[in-house]
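Student: Got chain W; can you put chain U on it based on the hints?
Quick note, the sequences are listed as chains W and U, same order.
Just so you know, my numbering puts 421 at position 421 of the first sequence, and the rest follows in order with no gaps.
Each number in my numbering comes from the position in the second sequence (counting from 1) with 502 added on.
Read the hints as simulated data drawn from the structure, not as lab findings.
Some hints could be false.
[Said to hold, decoys possible] A few chain W residues facing chain U, derived, Cβ under 8 angstroms: (1) 100; (2) 120; (3) 123; (4) 124; (5) 129; (6) 179; (7) 196; (8) 197; (9) 224; (10) 226; (11) 230; (12) 234; (13) 372; (14) 392.
[Stated by the list, open to error] Computed list of lysine to aspartate or glutamate pairs in EDC-like fashion (alpha-carbon distance at most 20 angstroms, straight line): (15) 388/W x 531/U; (16) 549/U x 423/W; (17) 388/W x 534/U.
Being a predicted model, the structure only gives us computed values, none of them experimental.
Each residue gets a CB set at the ideal place from its N, CA and C atoms; glycine is no exception.
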Amino acid sequence: MMRIRHSLATCAALAALLLGGCGQKAAQPIVVASVSDVSSLDPHLLDVNHPTGSVIWSLFDSLVRRGADGADLPRLASSWERVDDLTWRFHLRTDVKFQDGSPFTAQDVKFSFDRMNVSPFNALQQLWQQTTLKQVTVIDAHTVTLTTEKPATTMLYWLEEAFIAPQAYYSAHDESWLNTHPMGSGPYRFVEWIPGDHVTLTANPTYFGGAPPLRDIEFKVVPDLNARLNGLATADIDLALNLTPDTLAQANTSHARGVTVLGLRKLHFGIAQHSTLAALRDPRVRRALNYAVDVPTMIRTLLHGSTVPLTSVVNPPNNNPALKPYGYHPELARQLLAEAGFAQGFDLDVDFTPMWGQDKDIAETVAGYLNAVGIRTHLHADEWSDFKNHLSHQSFNGIFYAGWAALINPAVELVIFTCNQEDNASGYCDPKYDDLVHAANTNFDPVSRKAQIEAAEATVWNDAYWIFLWRDPEYAGISSRINYTLRGDDYVEMYTATPRPP
Amino acid sequence: MLSAVTNRLARAFLVLLAVSFLTFIIGHDSGDPVLLLARGDATAAQKQELRHSLGLDRPVMAQYRSYLENALQGNLGESYRQHLPVTRLIALRLPASLLLAATAFVLAMALALLSGMLCVVYRDGVLDKALAGLAVLGQVVPGFWLGLVLVLIFAVHLRLLPVSGAGGIQHLILPALTLALPTFGRMSRLVRAGILDVLGADYIRTARAKGLPERDVLLGHALKNALLPLVTQAGLELGDMVGNAFIIEIVFAWPGIGRMTVEAIQQRDFLVAQGCVLVIGTGFVLINLGVDLVYAAIDPRVRARA
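With the rest of the complex left out, here is chain W (with noise of 0.2 angstroms):
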């Protein structure tokens, strides 16, 4: 009787151990799952825009915020202006305390961007060699002018990601102490890093926006796809990232729903010029490619209907608005290609790796259609490694499924085809387009400027620098817990969501 009443006991002991963390859900943190995990918490070697960069841009503050329409807002400058085609001034915030207690003053300013500068910070960080950056000035304690060699009309831009360390914290500790003991000025405090499985951050009580809604926030790595699914089915995870299309509605439960957001990266597949393949070199076989390939019903049943085709290489609202889809015209395609002197067709490399949306299906589809209009292609499934060596070093020789740019800034968009461009892995080389793009990105005058872009935009689309296709859709899960409303450029700013009421 003992022996059956101790087993009892322990059998009740191993239950309550097993359901322990069923009672603890209300103080529990707000869980963002992502894929993979942050590479530095130092503000400066941020290098992709999540999770790095959504946890960069927790803990620290930029001197412009970028809206998640592309808008240039005040964050730690109040304002600003051109004094000339050289010279921007900003005057800062009096009130923006760093997290430790010290005032922010213009003398940071100056320590963070010269640090950025210099090497490892500056293979990263892209302030200077964008926007031709020469001089940081310190006028006062809450003013600062920085002096360009060029006109740079994408300074706000590169701003916005270059962000304010204290200089006192950041001089008195070395690299690899600073790399895992961050301290800005944003919106959140830094917790703790467990490498490969979470950051924790939590809420900046004296933040001079105020203290964000949300107190608590875990950045958790959970790189399997069923289990970003599964926690939040089980309340576990509030914010599940990299879903994908067929996977969308397994996120809608009582818990969750599943969310998709029109991403601002540009998918394609690019055109290799440096190719053996003489045809590639000929617009006429590049427009070919593009009415070969049916895009809409691609959109409708590959990514049920979450996107919209692309209609320049220019994201709205500086899209070329004469600029229309090619639309799906293989007998055009076969036509044009018989003019160049194809009519028998020719072979053709495609290569596709997983850094980019179902890039087996997409590759696998637009090969079909190729092939029905009479082009003999030849699949290859890169690792990315290979895929990315291949990209910087021009040797792919076909065609290959990429994505370009997710951000709002017709300079960057339009640079890929320039010559001689580190992203340019087509290998175009056209002096006028270059001058155009040049003459565009130095160019302070709205309307001018507007139309230089938009005469870019039009040499990219009608001699089809690409075969386009569609922009990158972004599906994610969202716990009934919070209100979130999804950026198209990755980037998750939690400070931006809402308890949801019950």
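Tutor: Using the frame of chain W, we list chain U on its own:
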């Protein structure tokens, strides 16, 4: 005995040297980490500068030599991607992996012994057949699938256990069970066959003739003698678990070294991948060493040979 151990240790060191060299060369040949580290819009000069600061522009053998020198002093370098010491990353992850492997191993062995003996006692009966079926199932069902099914049943539908991650004992149950099942399957069959094999031996007949109760015959005589092949297999199984853990750790988001290895390889974070493989390799070598020693302890013939 002592010379046998030093001999084995020397061989183990050579194996680890070979492992470190191979992982270094393979990692090195498979892609440039700078291309994955730098942002797309970094210039060639900036990439070169980064390559230089990471020491990646030196000759491969020179890089390997300094890697080895540092490794011997307990410094496995710094992660390219996360800028953290590799030893620290491993120290963060290793306990979780050891906990998972140890739990799964103990679970598998205990269940296998129990089930094997039940099968012997009730051989050819319904229970024997049912347990045989379970064992076969354990061997053939792939771990990643089983893991997902268990999560669906116990975490998503019944809500008894957490979906993933590490924390309390409740987090350990599903991954340990998933990891244990294939080992349980193989081991329980071996236990059954091993015991049945020795049951025909003369000393068992003697033991029974002495009038020993059947329980003592089974536990004291049959099991002890059937143990030797089981120890070898158990060592292999422990090695196998390390391999299976790579998948299980990903499915359950278990913060172990297997998941870290896979992620490091995907991100071309050579030094982390090398460090993990080195630690896992050391584990393998130690397991083998341990198996040999246990062998010597339980089999006088092995002891005499050594």
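Student: Against which earlier hints does the structure fall short, listed by number upward?
Tutor: 1 and 13
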